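A.B. asks: Could you slot chain B onto chain A? The hints should help.
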Amino acid sequence: MDNVCEDQVYSSVFRANSKTLFNFIYYKFGNEEKAHDAVQEAFVKLWENCGKVSPEKAKSYLYTVANNTYLNVIKAEKVRLKYAEPTLERSNESPEFLLEEKEYKEKLDNALNHLPENQRTTFLLNRIDGKKYAEIAEMEGVSVKAIEKRMHLALKFLRERIDGI
Amino acid sequence: MQENYLAKWLNGELSEEELAKFKSSEEYASYEKLERISSSLRAPEFDVESELEKLKKDHIAEPDKVRPLQPYGKFLRIAAAILVLIAGSYFYLNLSKTSYSSPLAERTEAILPDNSEVFLNAGSKISFSKKNWENKREIDLEGEAFFKVAKGKKFTVSTSQGIVSVLGTQFNVEDRKDFFEVSCYEGLVQVQFQDIEKQLPAGTSFLVIDGRVVESSDPTTLEPSWIKLESSFKGIPLRYVLRELERQYDISVETKNVDTRLLFTGSFSNTDLKMALKSIATPSRIQFKTEGDNVLFYVEDTLQ
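Residue numbers (our numbering), protein chains in the order written: chain A, 1 to 165; chain B, 166 to 469.
Next comes chain A alone, as it looks inside the complex (with noise of 0.2 Å):
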């Protein structure tokens, strides 16, 4: 059967599961260099247990194995998310529409920095990442009621504040 020890194995679940572990951390901590180190140590930590660890498994592992050791120690520091503008596809908008929704992304930039930490981090799993609410209940290890709840929070509270209410 297939085990996480076998190079191959292990090597598809990192290639599977890296980048959203990376944006999950990211997401919470507003720090790409510890993000990255997160990464790195979740997966240390797998190799190390290989042998106890399904491929099924592999996932929830290290997704708790992030919650529990790496976020305690960052939990403290103040958030600054910046995200990569995106590139603009469409030219043919009006300058004041383009400047329209630079002000608008700079809102909510910052309303997603004011944002709780764990609705902040399952609304940008569901809008960059595209995660089914399912999907980020388990890596949060919570209900999915309970991923809708922040959801809708989460809507509530940047709409609010990006319309100054």
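No lab work stands behind these hints: they were computed from the structure.
No experiment lies behind these values; they were computed from the predicted model shown.
All residues carry an ideal CB built from backbone N, CA and C; glycine is no exception.
One should not assume that every hint holds.
Quick list of in silico lysine to any residue cross-link-like pairs, SDA-like style, CA-CA up to 25 Å [unchecked claim]:
(1) 221(B) to 51(A)
(2) 188(B) to 111(A)
(3) 105(A) to 117(A)
(4) 59(A) to 146(A)
(5) 149(A) to 294(B)
(6) 198(B) to 116(A)
(7) 34(A) to 16(A)
(8) 19(A) to 128(A)
(9) 219(B) to 111(A)
(10) 149(A) to 180(B)
(11) 145(A) to 248(B)
(12) 198(B) to 108(A)
(13) 188(B) to 162(A)
(14) 221(B) to 68(A)
(15) 45(A) to 188(B)
(16) 149(A) to 205(B)
The calculated label-pair distances, taken between Cβ atoms and stated as ranges, are [to be verified]:
(17) 270(B) to 41(A): 50 to 60 Å
(18) 142(A) to 264(B): 21 to 31 Å
(19) 180(B) to 68(A): 37 to 47 Å
(20) 117(A) to 394(B): 41 to 51 Å
(21) 106(A) to 390(B): 52 to 62 Å
(22) 117(A) to 270(B): 35 to 45 Å
(23) 2(A) to 316(B): 50 to 60 Å
Just a sample of chain A residues kept apart from chain B, beta carbon distances all over 12 Å, derived [stated by the list, open to error]:
(24) 16
(25) 35
(26) 63
(27) 64
(28) 67
(29) 68
(30) 94
(31) 96
(32) 114
(33) 117
(34) 130
(35) 138
(36) 140
(37) 149
C.D. replies: Okay, now just chain B, sitting in the frame of chain A:
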């Protein structure tokens, strides 16, 4: 709107009705913009292959590890997983009930999976299993509800006092403390109360007060009067009339020197408390006083 409707909306899970309602709200444009622009956000670059290479070079040297033998480990894991799955689906299928309720002083309308309609009077609740609805049209009712049942398999309403079953019809069931009434407005209804089984054709009623079957007057209208925001009674003891008044207005009613066993015939409005109080007091020849959410019906004891 259902719980967490913003999350449901984003996931395309709102019903058409809810979506239309949400779209007509003031804040919809803001949410729509938020949805559009947030989908263009990007996370920082992360090069999977170079990260993997770095990981292998820095941390993983020799892949010749000794693995502990676990001859039964896999079997036990699978067995446990199957057990959890069976238990989980058992609870999911059996316990996931949908329920609707209407609080005091309010009425609610619900559409069942087969498009049958249920109107809930004040202080009433229904629950049923959506999953199994096609095979088993069964509803638990506490309080009072009017049903317009779509044609199909047997449709059963269970209450604390009796069971009502039909094939496709319109009927009203009222299950209150010491009071149980079923009125059939269309089709044929079967009522089971203790060991009595009775067939009710359209335009007839079945009434039990204090555990005894009572001769009741038959409905003359096409639907119960409370649907039209009025509570009607024909020869019903006053105390049940007063309890209905409490439910319709979420108030508390007390009496002094009033014989609440006397039969009351008449109706009261479910929207105008002052009118309702007069409608009860005048034909009963009693007085009333109100104080906040409390009403006192009394008889002046001048004759003593």
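A.B. asks: For each hint, tell me whether it holds in the structure or not.
C.D. replies: Taking the hints in turn, this is what the structure says about them:
For the given pair, residue 221(B) sits about 17 Å from residue 51(A) by alpha-carbon distance, which is consistent with the 25 Å threshold. Among the hinted pairs, residue 188(B) with residue 111(A) is consistent with the structure: their alpha-carbon atoms are about 24 Å apart, no more than 25 Å. Annotation: proposed proximity of residue 105(A) to residue 117(A) holds, straight-line Cα distance about 19 Å (limit 25 Å). A hinted pair counts as satisfied when its Cα atoms are at most 25 Å apart, and residue 59(A) with residue 146(A) qualifies at roughly 20 Å.
Taken as a hint, the residue 149(A) and residue 294(B) pair is honoured in the structure, with Cα atoms around 24 Å apart against an allowance of 25 Å. A C-alpha spacing of about 21 Å is found between residue 198(B) and residue 116(A), which places the hinted pair at or below 25 Å, so the restraint holds. Taking the CA atoms of residue 34(A) and residue 16(A), the gap is about 20 Å. The hint holds against a cut of 25 Å. Restraint check: the Cα-Cα separation between residue 19(A) and residue 128(A) comes to about 12 Å, which is no more than 25 Å; the hinted pair holds.
Of the pairs offered as hints, the one joining residue 219(B) and residue 111(A) is violated, with about 35 Å between alpha carbons and a cut-off of 25 Å exceeded. Distance hint between residue 149(A) and residue 180(B) is fulfilled; the C-alpha atoms sit about 18 Å from each other, no more than 25 Å. Under the criterion of a C-alpha separation no larger than 25 Å, the hint pairing residue 145(A) with residue 248(B) is consistent with the structure, at around 24 Å. Proposed proximity of residue 198(B) and residue 108(A) is supported: the alpha carbons are some 11 Å apart, at most 25 Å.
Proposed proximity of residue 188(B) and residue 162(A) is supported: the alpha carbons are some 19 Å apart, at most 25 Å. Under the criterion of a C-alpha separation no larger than 25 Å, the hint pairing residue 221(B) with residue 68(A) is consistent with the structure, at around 23 Å. For the given pair, residue 45(A) sits about 48 Å from residue 188(B) by alpha-carbon distance, which is inconsistent with the 25 Å threshold. Note on residue 149(A) and residue 205(B): the hinted pairing holds, with a Cα-Cα distance of about 23 Å set against a maximum of 25 Å.
Against the hinted window of 50 to 60 Å, the Cβ-Cβ separation of residue 270(B) and residue 41(A) comes to about 59 Å, which satisfies the hint. In this structure the hint that residue 142(A) and residue 264(B) lie 21 to 31 Å apart at CB holds, the actual value being about 24 Å. Between residue 180(B) and residue 68(A) the Cβ separation comes to about 40 Å, which falls inside the hinted range of 37 to 47 Å. Taking 41 to 51 Å as the suggested C-beta distance range, the pair residue 117(A) and residue 394(B) conforms, at roughly 49 Å.
Between residue 106(A) and residue 390(B) the beta carbons are some 60 Å apart, a value that agrees with the proposed interval 52 to 62 Å. The beta-carbon spacing between residue 117(A) and residue 270(B), approximately 42 Å, falls within the hinted interval of 35 to 45 Å. The supplied range of 50 to 60 Å is met by residue 2(A) and residue 316(B), whose beta-carbon atoms lie about 54 Å from each other. Distance to chain B contradicts residue 16(A) as a non-interface residue, since its nearest Cβ pair spans about 9 Å, not more than 12 Å.
The claim that residue 35(A) lies off the interface is violated: its Cβ sits roughly 8 Å from the closest Cβ of chain B, which falls inside the 12 Å cut-off. With a cut of 12 Å on Cβ distances, residue 63(A) stays outside the contact zone with chain B, its closest approach being about 16 Å. Listed as a non-interface residue, residue 64(A) keeps its Cβ farther than 12 Å from every Cβ of chain B; the least gap is roughly 17 Å. Even its closest Cβ contact with chain B, about 19 Å, leaves residue 67(A) beyond 12 Å, as expected for a residue assigned away from the interface.
Separation of residue 68(A) from chain B is adequate, the least Cβ-Cβ distance of about 19 Å exceeding the 12 Å criterion. In this structure residue 94(A) is separated from chain B by more than 12 Å, as the shortest Cβ-Cβ distance comes to about 17 Å. Even its closest Cβ contact with chain B, about 16 Å, leaves residue 96(A) beyond 12 Å, as expected for a residue assigned away from the interface. Non-interface call for residue 114(A) relative to chain B: holds, since the shortest CB-CB distance, roughly 15 Å, exceeds 12 Å.
Against chain B, the non-interface label of residue 117(A) holds: every CB pair exceeds 12 Å, the least being about 16 Å. A beta-carbon of chain B is positioned within 12 Å of the beta-carbon of residue 130(A); the least distance is around 9 Å. The claim that residue 138(A) is not at the interface with chain B holds, since no C-beta of that chain comes within 12 Å of its own (minimum 15 Å). With a least CB separation of 14 Å from chain B, residue 140(A) remains clear of the 12 Å interface cut-off, as annotated.
Chain B draws residue 149(A) into its interface by the beta-carbon criterion, the shortest separation being 6 Å against a cut-off of 12 Å.
Hints 9, 15, 24, 25, 34, 37 from the earlier list are contradicted by this structure; the remaining hints agree with it.
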